[in-house]
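Protein chains in written order, with the numbering used here: chain A, 1 to 517; chain B, 1 to 468.
One should not assume that every hint holds.
Claimed, not checked - A short, non-exhaustive set of chain A residues, derived as facing chain B with CB atoms under 8 Å: (1) I87; (2) P106; (3) L114; (4) R125; (5) I130; (6) D132; (7) V146; (8) S150; (9) G173; (10) R177; (11) G246; (12) P394; (13) D420; (14) T509; (15) K513.
Since the hints were made in silico from the structure, they are not lab data. Yeah, the Cβ is synthetic: ideal placement off N, Cα and C, and Gly gets one too.
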Amino acid sequence: MRLILASLLFALPAAAQAQAIVTSAGPETSSVTVYRDPDRGEGGISASFPTGFALITETRRINLPAGESIVRFEGVADGMIAVSAVITGLPGGVAQKNRDARLLSPAALLDGSLGNRVHLRRTSRATGKITDQDAIIRSGPDGAVVLQTSEGVEALRCSGIPESLSYDSVPAGLAARPTLSVTTVSPSATSALVTLTYLSTGFDWSANYVAKVAKNGRTLDLFAWLTVTNGNASGFADAQLMAVAGRVNKESDYDSLIENAPSSSLNLQCWPMATTSTDSPPPPPPPMRAPMMMADMSEIVVTAQRRNESLAAAPVMKMAKQEELGDLKLYRVPMLVDVNAHGQKQVALLQKTAVPFHLYYAAKLWPLDPSDESQPMTKTLRMQNRANAGLGLPLPSGGVALFEQAEAESLLLANSDMRDHAIGEDAEIDAGRSAQVRIRHVGVAGKDGTIQSFRIEVTNALDKPAPVEVQLSRPDGYSLVGPSRKLGEKDGAWLWAQTVPANGKAEFTYRLKEEDR
Amino acid sequence: MKFAANMLSCIMLALPAAALAQDSPSAQGDVSVTIYNNNLALVQDVRTLPIARGVNRIEFPDVSAQIRPETVSFAADGTAIVEQNFDFDLLSPSKLMEKAVGQVVTIVRTNPATGAETREQAKVLAVNGGTVLQIGNRIEVLRDDGLPVRVVFDKVPPNLRPRPTLSVTVESSQAGSRPASLRYLTPGLGWSADYVALFDAKAGRIDVQGWITLTNSTGTTYANARTLLVAGEVGGSTQNYGSPYGRPRSPGPLRKAGTETADRERLGDFYLYPLAARTTIADRQTKQVSFLDVQGVPAKAGYEYRNDWLNSSETPQSFSSVVKFSTSGNGGLGDALPAGTVRFYMKDASGAPQFIGENAVGHTPMGSELVLATGEAFDVKVQPVVEKREKLGEYRWRTTMRYDISNAKPEAVNVDLTQAGLDWVNSDTRIVSESQPSKRRNSDSTVWAVAVPANGRTTVNAVFDTRY
Numbered sequence: 001m002r003l004i005l006a007s008l009l010f011a012l013p014a015a016a017q018a019q020a021i022v023t024s025a026g027p028e029t030s031s032v033t034v035y036r037d038p039d040r041g042e043g044g045i046s047a048s049f050p051t052g053f054a055l056i057t058e059t060r061r062i063n064l065p066a067g068e069s070i071v072r073f074e075g076v077a078d079g080m081i082a083v084s085a086v087i088t089g090l091p092g093g094v095a096q097k098n099r100d101a102r103l104l105s106p107a108a109l110l111d112g113s114l115g116n117r118v119h120l121r122r123t124s125r126a127t128g129k130i131t132d133q134d135a136i137i138r139s140g141p142d143g144a145v146v147l148q149t150s151e152g153v154e155a156l157r158c159s160g161i162p163e164s165l166s167y168d169s170v171p172a173g174l175a176a177r178p179t180l181s182v183t184t185v186s187p188s189a190t191s192a193l194v195t196l197t198y199l200s201t202g203f204d205w206s207a208n209y210v211a212k213v214a215k216n217g218r219t220l221d222l223f224a225w226l227t228v229t230n231g232n233a234s235g236f237a238d239a240q241l242m243a244v245a246g247r248v249n250k251e252s253d254y255d256s257l258i259e260n261a262p263s264s265s266l267n268l269q270c271w272p273m274a275t276t277s278t279d280s281p282p283p284p285p286p287p288m289r290a291p292m293m294m295a296d297m298s299e300i301v302v303t304a305q306r307r308n309e310s311l312a313a314a315p316v317m318k319m320a321k322q323e324e325l326g327d328l329k330l331y332r333v334p335m336l337v338d339v340n341a342h343g344q345k346q347v348a349l350l351q352k353t354a355v356p357f358h359l360y361y362a363a364k365l366w367p368l369d370p371s372d373e374s375q376p377m378t379k380t381l382r383m384q385n386r387a388n389a390g391l392g393l394p395l396p397s398g399g400v401a402l403f404e405q406a407e408a409e410s411l412l413l414a415n416s417d418m419r420d421h422a423i424g425e426d427a428e429i430d431a432g433r434s435a436q437v438r439i440r441h442v443g444v445a446g447k448d449g450t451i452q453s454f455r456i457e458v459t460n461a462l463d464k465p466a467p468v469e470v471q472l473s474r475p476d477g478y479s480l481v482g483p484s485r486k487l488g489e490k491d492g493a494w495l496w497a498q499t500v501p502a503n504g505k506a507e508f509t510y511r512l513k514e515e516d517r
Numbered sequence: 001m002k003f004a005a006n007m008l009s010c011i012m013l014a015l016p017a018a019a020l021a022q023d024s025p026s027a028q029g030d031v032s033v034t035i036y037n038n039n040l041a042l043v044q045d046v047r048t049l050p051i052a053r054g055v056n057r058i059e060f061p062d063v064s065a066q067i068r069p070e071t072v073s074f075a076a077d078g079t080a081i082v083e084q085n086f087d088f089d090l091l092s093p094s095k096l097m098e099k100a101v102g103q104v105v106t107i108v109r110t111n112p113a114t115g116a117e118t119r120e121q122a123k124v125l126a127v128n129g130g131t132v133l134q135i136g137n138r139i140e141v142l143r144d145d146g147l148p149v150r151v152v153f154d155k156v157p158p159n160l161r162p163r164p165t166l167s168v169t170v171e172s173s174q175a176g177s178r179p180a181s182l183r184y185l186t187p188g189l190g191w192s193a194d195y196v197a198l199f200d201a202k203a204g205r206i207d208v209q210g211w212i213t214l215t216n217s218t219g220t221t222y223a224n225a226r227t228l229l230v231a232g233e234v235g236g237s238t239q240n241y242g243s244p245y246g247r248p249r250s251p252g253p254l255r256k257a258g259t260e261t262a263d264r265e266r267l268g269d270f271y272l273y274p275l276a277a278r279t280t281i282a283d284r285q286t287k288q289v290s291f292l293d294v295q296g297v298p299a300k301a302g303y304e305y306r307n308d309w310l311n312s313s314e315t316p317q318s319f320s321s322v323v324k325f326s327t328s329g330n331g332g333l334g335d336a337l338p339a340g341t342v343r344f345y346m347k348d349a350s351g352a353p354q355f356i357g358e359n360a361v362g363h364t365p366m367g368s369e370l371v372l373a374t375g376e377a378f379d380v381k382v383q384p385v386v387e388k389r390e391k392l393g394e395y396r397w398r399t400t401m402r403y404d405i406s407n408a409k410p411e412a413v414n415v416d417l418t419q420a421g422l423d424w425v426n427s428d429t430r431i432v433s434e435s436q437p438s439k440r441r442n443s444d445s446t447v448w449a450v451a452v453p454a455n456g457r458t459t460v461n462a463v464f465d466t467r468y
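All chains, please: the whole structure from these sequences, using the hints.
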């Protein structure tokens with residue numbers, strides 16, 4: 001008995017030829033470094049359709065036989081960009097890397113069985129009797145199935161009788177999921193710790209700032225979340241999570257690098273089926289059910305509730321650690337976390353309390369084109385990103401939610417975006433339009449009816465003084481003469497800065513002189 | 001023994017894995033594939049075929065599903081070609097029924113209550129929207145009542161095929177098996193290079209691995225093929241060398257074209273990359289084979305910014321982080337580089353390599369100087385500002401520019417700041433004054449090499465006279 005078994009077992013490797021197939025089911029450790037979509041704007045991210053990418057590094061323990069073997073890596077992210085895969089730690093190196101995208105599907109099964117014998121099974125609706133017969137597939141999978149049986153030639157599922165095909169074996173080279181495999185020649189049988197590194201689409205991250213203006217109105221508490229989204233069907237348990245701030249160059253279209261499998265759906269069509277009562281084609285199949293997600297989303301119920309507690313959140317235990325990575329900024333989450341499939345995760349990114357800021361009202365005008373309309377000015381918070389001004393750390397771009405404490409409640413003042421700010425820059429938060437501080441730009445006519453001079457009026461309906469900064473772009477070929485106040489300069493534009501008294505007004509007048517040389 | 005039988009059945013269950021390895025034998029013979037970069041390949045397939053004396057029609061299954069049939073050439077000893085055909089009338093139920101018009105088919109009715117079958121002969125009168133049959137002397141529409149009816153045809157009509165089929169009709173002067181060679185062009189096979197570059201900025205070194213990436217989307221597997229990759233695009237395209245009104249282009253990654261010849265196989269002007277062993281290129285497969293592995297090549301980090309016009313920026317703009325290296329045999333990679341994507345990695349604080357950006361290189365001769373931008377520097381920025389634009393005459397302007405450069409890194413950096421747009425709409429631009437000398441790269445652009453102190457700022461001022 002034992003002899004029979006042994007001989008059978010020995011016979012098997014011969015069938016599998018010289019190459020042994022080693023399957024690595026999953027990683028031992030993994031690390032995920034998430035990069036922003038470089039072509040996305042400054043704001044937050046879409047949880048359902050992340051457009052950035054990630055670098056995934058996994059270590060896997062692989063038992064290699066001596067000689068040539070094919071190592072198959074399973075459980076990788078479905079957004080894997082196979083051409084970016086780097087494998088180190090194989091004692092024999094990597095001779096070849098392959099990514100196969102031919103998947104086992106109804107259409108592939110049919111296509112792979114062309115010209116081969118399959119089994120046709122018919123079930124009688126009346127009696128339940130099953131008849132089985134052999135058939136040979138004569139057509140490709142594109143149109144529909146034409147079969148040759150001992151009775152003649154027939155088309156599959158055109159008769160109205162329940163019919164189905166069964167196959168003896170799976171055609172070669174079809175996998176359940178796209179698979180990366182490498183060929184390696186190992187000098188001896190060994191257990192190797194292999195590192196697999198690859199880029200994958202379907203990730204994104206963003207900073208999400210929560211700025212809380214203190215009661216004194218002069219400082220704010222700045223807190224930021226590191227928000228990471230994984231849109232892949234694969235999760236990474238106990239992973240080292242990192243995020244990279246800054247803009248990396250991306251040349252190739254990552255979506256096109258993911259080799260797609262040929263259409264896997266089998267589309268059966270029969271001959272024309274119109275009858276005397278319907279002169280139109282047969283009705284289309286019932287529409288697909290709406291995706292589950294839609295159904296889930298419609299069930300979200302929003303309940304209005306007055307919050308009594310302030311937004312003072314629970315204290316933060318763990319904060320991401322910032323490192324330098326060349327000219328980029330790397331944020332390392334200080335503990336191992338689960339990066340779940342189709343999930344979003346938030347970890348504290350940075351926190352600074354009592355950051356002094358300057359509040360002012362801003363507007364940008366084109367000096368030649370007065371609009372004569374009273375318009376709201378933009379409330380802006382300016383912080384200096386310096387250690388001696390309460391900040392002094394890189395601020396990666398992201399969304400900003402600005403809150404102000406009013407009585408016992410936190411009120412959302414503004415919801416805006418912020419770009420990347422290096423240390424030493426002025427960081428500005430757009431805090432929304434103010435209906436109380438308004439600007440009007442008027443052209444003043446002279447005796448001949450043409451515009452002689454310009455007047456800018458700022459009105460303040462608040463019971464406290466409002467600092468305003470009005471930028472006037474420089475028009476080519478004109479010089480500004482006779483300003484009613486001395487002008488500054490900001491970002492290449494003229495700057496009128498003044499504090500408008502509480503419940504008061506301020507005015508600025510100027511003329512433009514065309515250079516006629 | 002019963003136990004043994006159980007064990008056997010266990011082993012039988014395990015067998016489908018072995019069955020996977022069995023393939024329906026391909027009709028392909030000795031296959032060689034030559035692949036160009038522009039999604040084009042030349043396939044040569046030498047099959048041993050029995051050819052009878054006289055006129056033979058030879059079908060070739062298992063050629064590329066995307067074959068360009070007009071490029072097929074056939075050669076076998078003692079044969080002369082009569083004609084070549086590429087037939088793509090595909091077999092489907094509709095075609096089967098249409099070709100049966102005027103012919104007699106068997107219809108099998110199934111009684112829905114009893115399951116009893118009755119057979120009748122029917123003549124297909126027409127297939128227009130529905131199928132009209134003559135059964136005896138009645139005229140019926142097939143399955144007008146919706147009840148089950150099987151239609152059995154006698155045979156598959158000729159010239160209907162499961163897949164597009166190439167056939168060659170030859171006149172043979174002798175009988176016997178002999179090698180027959182088939183050559184054709186097909187799209188769907190292409191290749192490019194992918195480079196993995198590990199950059200150590202402190203040591204000023206780079207390790208580069210080069211991979212040939214081959215993709216097959218032809219719909220066909222090429223079994224055990226000899227594979228040759230040609231670094232070049234063949235035919236079809238004309239190079240655009242610039243047009244009379246075109247704007248001077250910013251320099252690409254190739255800053256100095258090399259003049260060295262790499263020690264590799266060549267065909268005319270093309271470098272060839274043969275794969276060492278025969279390989280199977282499966283359908284829908286991306287295959288990568290290593291062709292370059294160089295350690296410790298000198299490389300330098302740098303910063304570049306190009307201001308395209310004499311204009312202001314509302315916010316500070318990041319410099320591009322660049323990596324500079326040479327492909328020379330002397331202090332460089334020492335090879336010609338086929339076109340592809342270079343992905344840069346750098347070690348983080350824990351020593352793990354992290355991705356820092358990628359860029360594309362064209363076919364690059366050996367001895368070239370490359371400057372590849374990896375991304376934008378978080379900490380090194382410039383804000384160009386127009387301080388003044390004065391009108392000097394009807395078409396003459398004087399522009400005073402200021403460039404505020406900031407460096408938030410704890411070490412000093414050297415940046416290359418380029419002002420372009422000096423010779424397009426503005427012609428004969430002259431630099432009246434500048435705070436430090438620049439190098440006029442060409443009539444359109446000038447470059448300042450600026451040293452920026454650690455955690456510091458510096459300013460470049462310049463005045464331009466332009467005609468407009």
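Hint-by-hint comparison with the structure:
no., hint, in the structure
1, I87, "violated (10 Å)"
2, P106, "violated (17 Å)"
3, L114, "holds (6 Å)"
4, R125, "holds (6 Å)"
5, I130, "violated (11 Å)"
6, D132, "violated (15 Å)"
7, V146, "holds (5 Å)"
8, S150, "violated (10 Å)"
9, G173, "holds (6 Å)"
10, R177, "violated (13 Å)"
11, G246, "holds (4 Å)"
12, P394, "holds (6 Å)"
13, D420, "holds (6 Å)"
14, T509, "violated (22 Å)"
15, K513, "violated (11 Å)"
The structure shown violates the earlier hints numbered 1, 2, 5, 6, 8, 10, 14 and 15.
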